[in-house]
Amino acid sequence: MATYQEFIQQNEDRDGVRCSWNLWPSSRLEATRLVVPVSCLYTPLKERPDLPPVQYEPVLCSRANCKAVLNPLCQVDFRAKIWACNFCFQRNSFPPSYAGISEVNQPAELMPQFSTIEYIVQRGPPTPLIFLYVVDTCLEEEDLQALKESLQMSLSLLPPNALVGLITFGRMIQIHELSCEGIAKSYVFRGTKELTPKQIQEMLGLMKPATSGQQGKPLAPHDAAAASCIFLQPVQAVDMNLTDLLGELQRDPWPVPQGKRPLRSTGIALSIAIGLLEGTFPNTGARVMLFTGGPPTQGPGMVVGDELKTPIRSWHDIQKDNARHLKKATKYYEALANRAAVNGHSVDIYACALDQTGLLEMKCLSNLTGGHIVMGDSFNTSLFKQTFQRVFSKDYNGEFRMAFGGTLEVKTSRELKISGVIGPCVSLNTKGPCVSDNEMGVGGTCQWKICSLTPATTLAMYFEVVNQHNAPVPQGGRGAVQFVTQYQHSNTQRRIRVTTIARNWADAQSQIQHIESSFDQEASAVLMARLGVFRAESEEGPDVLRWLDRQLIRLFMFHLRRSPFLQVFNNSPDESSYYRHHFVRQDLTQSLIMIQPILYSYSFYGPPEPVLLDSSSILPDRILLMDTFFQLVIYHGETIAQWRKAGYQEMAEYENFKQLLQAPLDDAQEILQTRFPMPRYIDTEHGGSQARFLLSKVNPSQTHNNLYAWGQESGAPILTDDVSLQVFMDHLKKLAVSSAA
Amino acid sequence: MIRWEFCCASSPAAHVFRPLKASERLTRPLKLFLQQNLINIDLLPQFLFILFSPVSAVFRDRDELRMNVNQQPHMASPYGQPQPGYQGYPQPGYGGGHVPSGYPAQYAPYNGPGSAYQQGPPQGMRGPPTSGAPPVSGAQSYSQFGQGETQNGPPPMGAPPQRPPVSQTYTPGAVNLSGPQPPFSQQFGAPPVSMQQMTNQMASMQVGSTAPSPAGPGYAPPSVSQAAMSAPYTPAAPPSFPPTSAAPSQPPPTEAVARPPPQSYYGAPPPAQQPFPNAVPPFSSTGPTQPQAPPPVSPQSFPQAPPVSQPPFSTAQVPPGPTQSYGGPLPPTQPSFSRPLLPTSQPSTFPAGPPPTSTPSQLPGVMQPQPPVSQPSPYHSGPHPTSTGFPPQVGAPPRPPFAGMQGPPMAPQGPPLASQGPPMVQANHVPPTQPGMPPGPISASMSGPPPQPGMQGYPPQQNGAFGQVRGPQPGYTGPYPGQPNYGAPPAAPAPAPPATKRLDPDSVPSPQASDMPPVQKTRHRIDPDAIPSPIQVIEDDKANKGSEPFTTGVRGQAPPLVTTKFQVKDQGNASPRYIRCTAYNMPCNSDMAKQSQVPLAAVIKPLAPLPPDETPPYLVDHGESGPIRCNRCKAYMCPYMQFIEGGRRFQCGFCSCVTEVPPHYFQHLDHTGKRVDCYDRPELSMGSYEFMATVDYCKNNKIPQPPAFIFLIDVSYNAVKNGMVGIVCQELKTLLDYLPRENPDVESNIRVGFVTYNKVLHFYNVKASLAQPQMMVVSDVADMFVPLLDGFLVNVSESRVVIESLLDQIPEMFADTRETETVFGPVIQAGLEALKAADCAGKLFVFHSSLPIAEAPGKLKNREDKKLVGTDKEKSLFQPQVSFYNTLAKECVVQGCCVDLFLFPNQYVDVATLGVVPTSTGGSIYKYTYFQASSDQERFLNDLRRDVQKPMGFDAVMRVRTSTGIRATDFFGSFYMSNTTDVELAGLDCDKTVTVEFRHDDKLSEETGALMQCAVLYTSCSGQRRLRIHNMAVNCCSQLADLYRNCETDTVINFFAKYAYRSVLSSPIKNVRDSLVNQCAQILACYRKNCASPSSAGQLILPECMKLLPVYLNCVLKSDVLQPGADISLDDRAYLRQLVSTMDVSESHVFFYPRLLPLQKLDVESISVPVAVRDSEERLSRGGVYLLENGLNIFLWVGVNAQQELLQNIFGTPAFGQIDPNMTSLPALDNPFSKRLREIIESVRAQRSRYMKLMVVKQEDKLELIFKHFLVEDKSNNGGASYVDFLCHMHKEIRQLLS
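Those protein sequence lines, which keep their order, are chains A and B.
When you line the first sequence up against my numbering, it's residues 69 to 809, in that order.
When you line the second sequence up against my numbering, it's residues 104 to 1402, in that order.
Hints in this document: simulated from the structure, not taken from any laboratory.
Beta carbons: idealized from backbone N, C-alpha and C, even for Gly.
Mixed in with the good hints, there may be bad ones.
[Stated by the list, open to error] Heads up, incomplete: computed chain B residues facing chain A, CB under 7 Å, no partners named:
1) Q877
2) P890
3) L892
4) S1125
5) Q1127
[Claimed, not checked] The calculated EDC-like cross-link candidates involving lysine to aspartate or glutamate, where the alpha carbons are at most 20 Å apart (straight line), are:
6) K266(A) with E924(B)
7) K266(A) with D886(B)
8) K976(B) with D1177(B)
9) K261(A) with E958(B)
10) K266(A) with D1177(B)
11) K870(B) with D751(A)
12) K453(A) with E249(A)
13) K870(B) with E316(A)
14) K261(A) with D886(B)
15) K261(A) with D1177(B)
16) K870(B) with E249(A)
17) K870(B) with D312(A)
[As the list claims (entries may be wrong)] Some chain B residues well away from chain A (every beta-carbon gap over 12 Å; in silico):
18) M795
19) E850
20) N868
21) K870
22) S872
23) Q875
24) S882
25) S908
26) M1080
27) S1346
28) E1363
Start from the sequences, fold in the hints, and give me the full structure.
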């Protein structure tokens, strides 16, 4: 029998599911006592090279409010060609195409190893993917040039039949017509005036048939598509055109007086982009890709005024309610995000600037629509360039690692109800028997829309055990959960992935040890962290920390507490938004890295080894590699740095030193290549200014306060007033004891 | 008011005529019957009166008739000879003499032939009786009519006689009286009475329309009538003269002259016929017809006439001639009448047969037409000879022509009368019979047939002759002669029409004609030639003032007429090209001004172009402190500033404030108190000059940027389809090289930008650095903005390649457009925003095709509702339908954004609303309805070229300062005013005119006169800020007579038109018309009351300077704006309304009184153009070809019987039927005639600010209806009164005022 460790790993590999508990307490009361809710992390599109999709429609339970998909947990009467739904116990007959079914001839979905299965279904004509670039032209010449090159490059990465569009903005917004020869045409909008979707569509000429009153019929989709053609064209058709167009792109020509920020109409630009797509390709996979080099400074969605003397809001301002535009802008972008989400379009934000760009306000655009957020210092950095390139990375099948227009439905067996989901999704507000009244995260529904998915997109699902204490579940009973994800594959196919999991019910009183051993602390940590982040997003900071402190606290939580996801100190609002954005969508491993950065130590004393994320690990003769997900720091200890400066690595006799220096670089490269977004890569040394990235993460076991209390072999003292892990643990112990009482 | 049917002879007929009342219709038959068969005994006395007092009698008759019929309005025959006062003025002579004599005579004959006619006279007689003095009054009235112009004409009966008389009267009145009178008097028994009246009238210089009536009587008496006429005149003249010493003498001559002509005419007819055959078909035809039909009666007269006429012509046309001529003419008329009455007779005349049909057509249109036709031809033929002859011969020569003129009318009349329709026809036919005749006539008349031509020409010429006559006299005389003529001719024509109608039912093509009772025809008894002729006045002025330069040094000196070509020498007052005043002798106080009702206004054209031989205003720079100005009123340094205290101070001529002379400007005075450097400084010696403005005169105290031109092109379906887009783009490629510049060697500083639009706007980035232009579409029309800054407004030379590429591509890009909706408000906003962004002034050229119905600010709906026309709500149609454009215009003005609008509509586009911005920003509107590239391209392109190239100023402010005592109170034109004194013009081009009205707020002194200074601050096309100053000083008077002696009718009409056209925005049109008529009547009544020598109230006496006021006013009243026909669109009216508001005097003159040139009289050897003929169908010869222009259109009217050679020369085809009526330009044929003709057309076009499209109108073609619309002396289809009718009406009004 496999260990739980193996079981968990196996389940994760097969289904992309990590549960906080792998044995479920059989009653509500017990579940509540466990503090960590019955919950799981689910990666809907987890890459499964070994899972060939089947080319037929799934078989659904005939009960109207169930519609569960036939799965290996169903009881099947091969003779009668009947199967019983394991969620509602409805007995269903197989469709005619299953006539040949028998115990030896089972369809894939009945085999246990296909607890996760993918169907390719026919749903209307395939629609090409759509990429709409929304480009800020208020950039420095250098930045703009880099961005233009990246964009031009990206054209070659797009699927040839993908539709592409271009919107540029500065003081005005221009939608470029791509179909025309000769004169370059664009539609221009002013950046200060909010337009309704209808107005936008009218102004873009997308409503023509409707206005010309052809018997008052609504606009047929293909008409709209045809009309939109001038803005959205197949890459293969306009490749050259668009390349030229991008090449001729000029900086915003309107003069920027001294002491002013350039006028950036990001809000309207996005509204037009979303308006364009919703008018032409509703419910079709599309990405709006916003490239911005600064905060929106005019019109709706304005984050900061154009006076440079007024700095952009900080957490301090926000806490003091001193951020004038915050609420309004946030509301504006939320509305936009919801519109985009409704139509299945996602919004990416690529923000590259040294100062904040208003991600705090705009984050919901990506968070609600599954889009990416990438934050960098400049478009002229590899961070951006490679990250952007990676958006178009392909999988083992040569297909893009992206999917669109996903709908996730969760079905549970009777004892269980779904409380909510935390992840890049929006609720579809579908009530059903398995919807809990007790909301955690985005709840109140059993269906969510995930406009854009990647294989890494991971959702945290929270369940509620509804079985009453006095109505025990039969011994050996299992609770089941089915995830049904419909989405548009990047090759334009419609697919449905169905994952059905089951866990045993356990009586908490009699089987507490079992339950305890089934605890997945990693998953739980991430799940709880997500809850924390979710709360942090929606509530005031200190309260969240207090809430978290009251909750189950494990080792990880110390770092979580210090992490940028909850701590806003020393982070700009934009950074916080950025970190949180990624936290709520990455899979478990990445999430863990985010919570507790990994620290590897390289030395002559042995192979690289992970070391404690502690200031004591910072030693002169070590090279440290820290991966915080967002940053990748290579830190050369004092001695190493001196050696390197002396150039020993160039000498043949110090070949080993050279290798030592090279090792962390290689490892870092490996990480860099798989990570999205590209982490900030930092190569620093003892005393270097960039070393702060490391110092701010490590456990301040040695500070200026206690520096002398430790031995000489101690690492580097950290100048902070933060409590160290030791102190934290001490308090924790006290707390645990007292609370236990 | 509106529809005046004046029937001197048969007032009942007049009643009948009024088609307006159903009741009348019922009565018509009866009346007709009466006219034809019954002689109303009651009427006899009147008839007598008429004999005695041509004009007045006629009027009275009418009045009485009206009374009888309850149509009193007509009754009023107010044409008094208002102002005997004008000694020199022939006016008095006109009316009085002729009328009286004429009527009786004519009537008599008529009675014979047709009872109706007789009746007419009798009625007229009645009138006289009522007024004890009828005879006298009648005489006066006649004279008045003659002078007054046409009203008397109405008395058709009288008319024939009238004409002669009129002509006579005129002569008498003017100059002829003395000479001719005797003969006349002798001839006519009755005349004496009339003569007296005449004389009175003569004295007053008025024309006696009634005069014609005398002619009627004269007929059988044709000779008699004439004689009578003449006689009356002479007698009259003497009396009148007494009052005005000069007048008498003049009158006689005129009469003499007139008479001769008549004779010649009449005589001519016969001869004419002979000669005509070759030369003037009409005449010949008339002649023949006359002979045939009239033979019994007229024949004799004719024969007589011919000889006479010939003699007169040959022999300087002595009195005898006239008498004879009269006799001649009269007969014809009578015959004609008789013919009408007697179908048989007509037939005989008709034999010519074909003609009748043709005539009928003419007739239908208007009663007069027929006569006119016959007459016209004669006239035309006449005119040439006369014209040529006249000018040279001051007094005498003119007379002959006059005589001829008169004669012709007579003759024509005769013909018409005889077989009025037929005669005409006959005339035409005759030509046919005598192939050479028709065409020949012209040429022949020109050359050989002098007599005939003279005859013919005279009618028209008569005016001229009169003019000449006048010339000799006080100078006023000139005009008078014309008047006399009027009286005479009308009569003839009038009778003719009726006759024709009666005779030829077939001939009546037009419904109206059929509706028209015969009576109508009879009504027009006043000889059109006996009433003041615009042509005559114009020709006289040319002859008198055209030769010498006009120097502006003398204060209060009226300049030559706008139709006269003259050179100006600036000696201290602004050239009349810049400023023209209604009065050069302003009343000293407001009481006088109020009493006279003469508007005090100046028509200012600040940037008027000058001929090459005149120096443009000098540029004066007073240095950094700016121009020297009066401290108090801020008037600029000018010749009216009086330097005192040795030159250390100057006293302002406007406000009398004393201001220190700045040290740098100090100069010593000479012994006369003038500065020594007076003649070195334009601002001290010239009327017009410019100052360099300093930065203080600039907006925001910033030196302005050079202006910009933005072209905004509609690319909706209609605009693309009709070819406009392609044409504009093609043209702009070359046109951009000709942007206005001050220094021809340097590139223009003006930057250009391009926008196209339909429902959305497309801006173009044409930055020089781009390989291809970029289009930026702005669809947010609700909130317009400019999407780009850099690259929108560019320098042409730098961005030429990109611009050309753009202009090449625009037509392609939109070739397949299906967008039919357009916006308009946002288009202007776009241009405005662009100028704002560039911080400069400029001009927008908007090329627009349709009603802007797309959803956007300024969206309009189709509100064309013809049902509102004629109601009190009609004014709303001239008002903008939304206030949006007013606001927008205001913003444009603030920015200095001038908007020129080119419209290419296929349907209603609401010009009234679209035009708000252009008319408020100093812009222009051009309208090309149903634009077709093939036929309208030339016109559009020429307009566009001129509009783009013409010199203009931007962001201008104009202010008019005046002497203390008067004040500029009202302004008319295309501008915006934010306060009561500053006229703000976003753009001011060289064609724009501002009319300013002045009112008294205190007294003026005769000593200092009235000064005005017009200062225009503007930005030149190179971005220089300048001030243009025009100074004008006029005299002041304490005697009303001085005022009337020194005013200018053309300018008054310009003011009236603008005033009325603006009033339609706020008042029902009927009120506007009424008040116009009323004011005009008051002006004339005031003259009559205060300045004219006492005379019968029945006389119409007009001031010499204003004798054309009625005819011109009638033209204004009949204009499409004030009296729309069913076929004119609201857009056209709004367009014209706005167009007129910026017209200068010469434009408004030709607009209201089109120029009609008889081409058959074209002398290919000479550089002169033929003397114009009056705008009446009567003057058109079926064998002729005429050119008519009114500043907007050129028509080439081709008579059915035009000579083959002529046609061959012009069109390259000898066949009338092969002329393509759709041609818009004449084929370039290699013959002198064609060349010369095309030259003339080009030169005519060059004179106007807008290119005139040529339309070929074939007689009796559909298009002729349009053409006839411009024959403004005729009754119009819209119900506009004929000149004669209106004159009668005017007379009535005046009489009412006097009583």
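Evaluation of the provided hints:
1. Q877: Cβ of Q877(B) sits 5 Å from chain A, so the hint holds.
2. P890: 4 Å, holds
3. L892: Hint holds; L892(B) Cβ to chain A Cβ min 6 Å, cut 7 Å.
4. S1125: 26 Å, violated
5. Q1127: 27 Å, violated
6. K266(A) with E924(B): Given pair K266(A), E924(B) holds - Cα atoms ~19 Å apart, limit 20 Å.
7. K266(A) with D886(B): Holds: K266(A) and D886(B) sit about 16 Å apart, inside 20 Å.
8. K976(B) with D1177(B): 17 Å, holds
9. K261(A) with E958(B): 17 Å, holds
10. K266(A) with D1177(B): 54 Å, violated
11. K870(B) with D751(A): 47 Å, violated
12. K453(A) with E249(A): 30 Å, violated
13. K870(B) with E316(A): 13 Å, holds
14. K261(A) with D886(B): Between K261(A) and D886(B) the Cα gap is close to 8 Å, so the pair holds against 20 Å.
15. K261(A) with D1177(B): With a Cα-Cα distance of about 53 Å, the restraint between K261(A) and D1177(B) is violated, given a limit of 20 Å.
16. K870(B) with E249(A): 19 Å, holds
17. K870(B) with D312(A): 17 Å, holds
18. M795: It holds; M795(B) is separated from chain A by about 32 Å at its closest Cβ, greater than 12 Å.
19. E850: Answer for E850(B): holds, closest chain A Cβ roughly 25 Å.
20. N868: The claim is violated: N868(B) sits with its nearest Cβ about 9 Å from chain A, within 12 Å.
21. K870: 9 Å, violated
22. S872: Per Cβ check, S872(B) is inside 12 Å of chain A; nearest 10 Å; violated.
23. Q875: 6 Å, violated
24. S882: Since the minimum Cβ distance to chain A is about 3 Å, S882(B) lies within 12 Å and the statement is violated.
25. S908: 8 Å, violated
26. M1080: Consistent with the label, M1080(B) stays out of reach of chain A, its closest Cβ about 33 Å off (over 12 Å).
27. S1346: 43 Å, holds
28. E1363: The claim stands: E1363(B) keeps its Cβ more than 12 Å from every Cβ of chain A (closest is about 47 Å).
Checked against the numbered hints given earlier, this structure breaks hints 4, 5, 10, 11, 12, 15, 20, 21, 22, 23, 24 and 25; the rest are met.
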